[in-house]
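Undergrad: Each chain, written out:
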Amino acid sequence: MLKTTPFHPRTAPLVRAQTWRRWSGYQMASAYDPHPDREYAAVRNSAALFDVSPLHKYLITGRDAQRLLDRLITRDVTKLKIGQVYYTPWCDARGKVVDDGTLSRLDEGTYRLTSADSSLRWLHMNAVGMDVEIQDVTEKVATLALQGPLSRAILDQVSPLDYGKLKYFRVAPTTVRGFPVTVSRTGYTGDLGYEIWVDNHYALKLWDSLVEAGADYGLTPAGVWALDIARIEAGLIMLDVDYHSAHHALIESRKSSPYEINLGWAVSATKGPFNGRRALIAERERGAAWGFVGLEIEWTSFERQFARHHLPPQISNVAWRTSVPVYRRGSQIGYATSGCWSPILKKPLALAHLEKPHFAPGTKVEIEITVEHRRVRANAVVRALPFYDPERKKA
Amino acid sequence: MTEQRYDAIVVGGGHNGLVAAAYLARAGRKTLVLERRPLVGGAAVTEEVFPGFKFSVFSYVVSLLRPEIIRDLDLPRHGLQILPLESTVTPLDNGDYLAGWADPDETREELRRHSPRDADAAVVFGHLMHHMAMAVKPILGMIPPDPASLSPRDLMGLLKLGSHFRSLGSEHFHALHKLMTMSSADYLDEWFEFDALKATRSASGIIGTFLGPRSPGSAYVLLHHYMGEIDGAFRAWGFQKGGTGAISESIAGAAKAFGAEIRTGADVIAVTTKDGKATGVALKGGQEIQAKLVISGLDPRLTFTRLVDPKTLPGELVEGIRRYKFRGSSGKVNLALSGLPSFSCLPGNGPHLRGAISISPSLEYLERAYDDAKYGEFSQHPYMDVVLPSMIDPGMAPPGQHVMSIFVQYAPFELNGGWNDAKREAFGDAVVRTLARYAPNLPSLILHRQVITPHDIEAITGLSEGNIFQGELALQQLFFLRPVPRWAKYRTPIEGYWQCGAGTHPGGGIMGASGRLAALEILGATK
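From first to last, the protein sequence lines stand for chains R and A.
In terms of our numbering, the first sequence has 392 at position 388, counting the first letter as 1, and numbering is strictly consecutive.
In terms of our numbering, the second sequence has 943 at position 222, counting the first letter as 1, and numbering is strictly consecutive.
Chain A with its partners taken away, still in its complex shape (with noise of 0.2 Å):
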């Protein structure tokens, strides 16, 4: 049985698939999303696992969504409503704790209390951060050039880049260099000597990765996570009332009204292909629907080997998606609680319980968390990124109770004698114990809990190894070499078949670049 044809099917209603969807119907293409699961999201969904309480279940917060996106698709209009996560708290084992506050002078006094030398540090890393992060920023909005090609519009795009980079000076230049290259511990030693502060910043260069503080490469991610900061003045970090599924809905609101149709309980099977061009895709269940675009807003490996025939692509794009890393890394426990947990460090409620809790004592807890899983195993001293989204929400829970949402890792994919349920309870009793050492009573407020291993990301999700940004944001796997070199500009080797996942450049958080660039192309290309 064949339905209507369409201009275009978004395949995945993931926030990049809601994206490219909403500016393809926006150009006035009919456009339709096909999602396997009930609700829209992917991994950005909000789901009432235990009554009356909300759990964003994957991902928890917003930092790097693109304003034009906010802004083209008018997203406030459609629910995006950002609330500020103002302060950011690391418990130390000596008692005491390290706090980011939203004030610059408050939290240069507190840096103050452990180093005096560090807070004047923090002022002039943060300013060359700033530099950086506007320095990578237009490649963010940017189709990435294959230095490797001599079309035309590659070596404009160079140009472009090769001119933006020079005006960044020689001091600039070399401390992006640096930052491409070196290991976040390395990189923050040259600047900082209090180790929870290192420890703490250097958290965001590991986050979603299979490295260690001390792993080369790291550095970058710290800069990935720092370009939310520039875009400071628009403000888009922070929590989304009503948990990350509200920004998908957002979305989705927002395509909807340009008229893009979106059906959940869709699964794709496959792309149906004729004479070397996408016809349109397959359900499970045998329906076919036709349509002259196919977009997949999987990771690679799904666009690649699972929706198409491999044996039909070139041999090295294949090779190459097989080599492209996943290495999920990264789990999550959520849980329902009857109270307010009290950290020994600040007993209580107070500020700190309406911003983050990193659990990053010092780097050699992060690298220790790291050696676990390098050898296979979970970290017993995890990293923890800790936020209660009933504080800033309370819609997120009874009144009175709370939702407590923890990002855990390391949780290596590959497990020693692989996940089970016994092993997912292991590895959820690792968490609240340890994170039971700072708020002692956090046990006994625990009224229901959610763990999530990166197996379990994957079979809910179906991102590949339970990667919560389509891959790696490593360098070899970024900008004109994502997912593979070649193959980085959204295309794919079948005619009409396109990929718009965080799997493509820039990729990774809730950003939605990779949909929008990948909707901009699509209606370049097939005007």
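Just chain R, with the same shape it has in the complex (with noise of 0.2 Å):
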């Protein structure tokens, strides 16, 4: 049996196709109606309550928490102030990204590490000698992301910390309708938006009020398919979709660097020693051999192939998430690993690897597409991620 999270007896019932995926062992709703259009629009028109448990949660204590993270992360784990959450991979030895998520800073001496991949044996090897408790809360801690331009109004009616005060990527401790969470100003999305952490024994509680007070304000509860258009909007990567962990990858080339996928910014140029510091500073000086991109599919030259055939364009309102071949005059220039229809900018996107020298915003390249059972291209434009990127999120 696949596991399910404290939120499964709200979302269980609202699951009218039996649309359920897999997410790290639990079983979770790709969309609450058939098809996601709806939920997806929430994310941009109102607010969308995703259920995010399934994320690997880690608290860090002790005396040389920091020290552990600060060693295992690529980002300045000394800069982290209290209230403040970084996103940032982490890498092995050789520079390779092992994993992706959010480091919150508590307070003082607490961490919570988030991460797609379960990371104990990772973290406990790190932590050799060091005097740290490392606690796997995973099960104990469950998380709903509300997202959307009306996720502040909806906390607003439930919860008395002055939301407009609490920065893009700051967490703090609150009640909600009484009892305790924390909210940070996180998300998924790329829009403006937060994530509720919760112990367990209040996650109905959690679920009802959002529902409650979302109600005049058109909250949706929105699946894993809402969300992956969502995050490809915002440029946002995914493990195992668009990039492997070191730890996992069978051969070299599978494995990726910071540069390669986007994160080199996270990577600190000023820190002490952590994993895969001298790799990434070699890396940096010559140059990622690969850059992680977006891709805008010109419409016209996908509408062509399809006419060709007397057929409107087919595209899905779900997002495609497979290996297709990118070209540069005639010749493979790197790959896509996932996809979508972008409803709200009305134009097939996609996220791609391209091999230097390739990957500069503006270059006209080429990518796969089926129609009719041929394998066919069409034009495509590099663009720099994100391509949705609404001042709301930050501001």
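One or more of the hints may lead you astray.
In silico BS3-like cross-links for lysine-lysine, where the CA-CA straight-line distance does not exceed 27 Å [to be verified]:
hint : chain 1 : residue 1 : chain 2 : residue 2
1    : A       : K1013     : A       : K995
2    : R       : K397      : R       : K169
3    : R       : K397      : R       : K85
4    : R       : K350      : A       : K858
5    : A       : K899      : A       : K1046
6    : A       : K977      : R       : K397
7    : A       : K977      : R       : K350
8    : R       : K275      : R       : K171
9    : R       : K7        : R       : K85
Since the hints were made in silico from the structure, they are not lab data.
Given two chains presented individually in distinct reference frames, assemble the corresponding complex, making use of the accompanying hints.
TA: As structure tokens, then:
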């Protein structure tokens, strides 16, 4: 049996077409409606409520907590303030990315790390000889992501925190209808949004409080299909889809450095020793061999491939997650790993790994598409990520 | 007093005028849009008529906005955000309902409940209409060739069109011919048996025309509305966040980004001419502005008989414009509600309130509604297309409260005895009374009621006889006949004076195609 999250008693009856999927060993709704259009629209129009409890969560405390985390991740943990959140990758000794997630400093000596993969072994290996306690709270802490332009208005109904003052990538303890939660101004949608972390014990109360308060604000429970479109528009990568963990890759060429997955900005140039430092310094100097960029597929060229068969363009309301070749002047120069039709930008988008020197924004490339069983190519243009970046995200 | 000179002045800041201005500005032309009202949009405007409640006062959904316009003008960057409007529910007189949901399987099962045969037929019908729409779609993006002309350009256009139709195959060609000539009721009778289904589908064939579902020619309008569906892939169909005014704002935003200037509160009373050439415009108040080109986004009557002196135009053109049919037939009731209406067929809140509610229980109901109008009265029991925009975009009303948009047909422009305040309120009463048959709590929720008759549409927006399409979408005034033969290519007899409103091909709906095609034709002709 797959595990279910603490919100399952509320989410399960809402799944109308039994569209379930797996997420880290949990059973998770792909969508509640038979298709994700309305759930996606809520992210950009009102507010969507995602159960993101399967995220791995670790509470790290003790005298050496900062030291451990500073060794682990590529950003400078000594500069992480109380109430601040980092989004960060972490690497193996050769500078290849193991995983990515968020690190929150909850108080002076308490940190919470989230990861896509189970990270307990790696944390312990890095903590040898240190005075730290590493607690896996994945199954103790339930998490909801409330994302969308009206998310703040909804939280204001149920929680006393001054949400106008909770800045982007900040976290604060507060209450919802009187029970304790922590709320971070974070998310996986590239929109205004919050993640609410709560002891399992209060999980259903949290769900009910938000659903009730959100009724007049278009709050819509949403599944992974909607999340996937939003995160592609936001240019946010996904482990095992857009890159592989250095710990799981069977061959060297499947591994990526932070520079190769658009996370070079998260590698500190000034901090002391950390995993992969030497390799990353060298790579920064010589320049990464690969770039991770956005591709905007040109509609007219896309449409033309279908028009040959007297068809209107076929586009799915679900994102794709397959490796697709990308060409330039006839030669393959990379591959796209996920993509979708962007309902808000009205463009087909893809995330792609492109070899040097083909990843500069504005570069014209071609992407393979399949039309009537035949592989053909559509024109695309390299774009810097994110594709979609509304002001309200950080405002 | 005269001002600096412009390359082009667009008269009227309706969505087609704005589209034309955006394309002209994009091509580097110094362009000025002049709008009489304090806000742009024409019939696509959002106004806070009652504090806290935003109404898409006239036009209320998007279905046909051309994808090429969305792309060329990058409208998403300027605020275009179309939200799904997923269902259509028709309450029936026996307390049941007929629903079309977003999911095709759910829709088929729903239809099977009423008629298993129709459930199957709907799938095949859908395929046929897909082919019909594919056949007609290229015409939307085409400057209409005149079959009576022997100019090489017209002949090339006709040849292209001819080979396009030949590629249809005989079965589809015959179906297309039927669509062009039949009534929507007769056409649907060939396919379906369930009356409420036929009524609801035929409703899209009568919108904005002075035709009943049994009037020949109404089937084509059905197709016109179906064309929104083939752009389904592009998903341009639905509800604009912030109401239809936000679409106009996005086009205006794009036009400004390309360098166009937009002036509101500027009432153009005449196009100035010299030696048969347009030289600019004269504003109410005496100001004159010069321009090489003047493009009218107003309807054909205003374009040819108000802005210019018809005496200077060829008699046959003026005569054609005089015969051109407007005959506004629809009105609008916008309600501010203190809570959600509860429909007897589906009580309480539910997904049906996020879609359209169609008051079209039977063909006879619609035809009787038309009968009232035929004899100069508004329908006592009208056809209505009801949407709750605040259920889709919560920003349209204060939390927990709602706005209801009710498109109503028929309300004839030429009402017996004429429209006045008492008649307007009586019309509003008939609408609310009829709707209350299906949603009994509705009257108790009404905080504010805005009733708009065709007379009001004309008074507020200027649209002649209150026709929402700038003239009926009837076959005799479409394509190379729109607005009148020989003047269907956005030109006028006055050099430098052009037309770009929905009264030109292809016209109707928030499509923008007229504005775009006019701009392309102008740019091609005035390099």
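Undergrad: Is it true that the CA of K977(A) sits at most 27 Å from the CA of K350(R)?
TA: Status holds; Cα separation ~21 Å.
Undergrad: Is it true that the CA of K899(A) sits at most 27 Å from the CA of K1046(A)?
TA: 23 Å, holds
Undergrad: Within a Cα-Cα threshold of 27 Å, do K397(R) and K85(R) meet the stated pairing?
TA: The given pair, whose Cα atoms are some 21 Å apart, holds under the 27 Å limit.
Undergrad: Please work out if K1013(A) and K995(A) have their alpha carbons no farther apart than 27 Å.
TA: 11 Å, holds
Undergrad: Take a quick look at whether K275(R) and K171(R) sit within 27 Å of each other, Cα to Cα.
TA: 25 Å, holds
Undergrad: K7(R) and K85(R) were given as a pair; does the straight-line alpha-carbon distance stay at or below 27 Å?
TA: It is violated: about 35 Å lies between the C-alpha atoms, which goes past 27 Å.
Undergrad: Going straight from one Cα to the other, do K977(A) and K397(R) come out at no more than 27 Å?
TA: 26 Å, holds
Undergrad: Are the Cα positions of K350(R) and K858(A) separated by 27 Å at most?
TA: Judged against 27 Å, a Cα distance of about 20 Å means the pair holds.
Undergrad: Next pair to validate is K397(R) with K169(R); report whether the Cα-Cα distance is within 27 Å.
TA: Between K397(R) and K169(R) the Cα gap is close to 14 Å, so the pair holds against 27 Å.
Of the hints listed earlier, the one the structure fails to meet is number 9.
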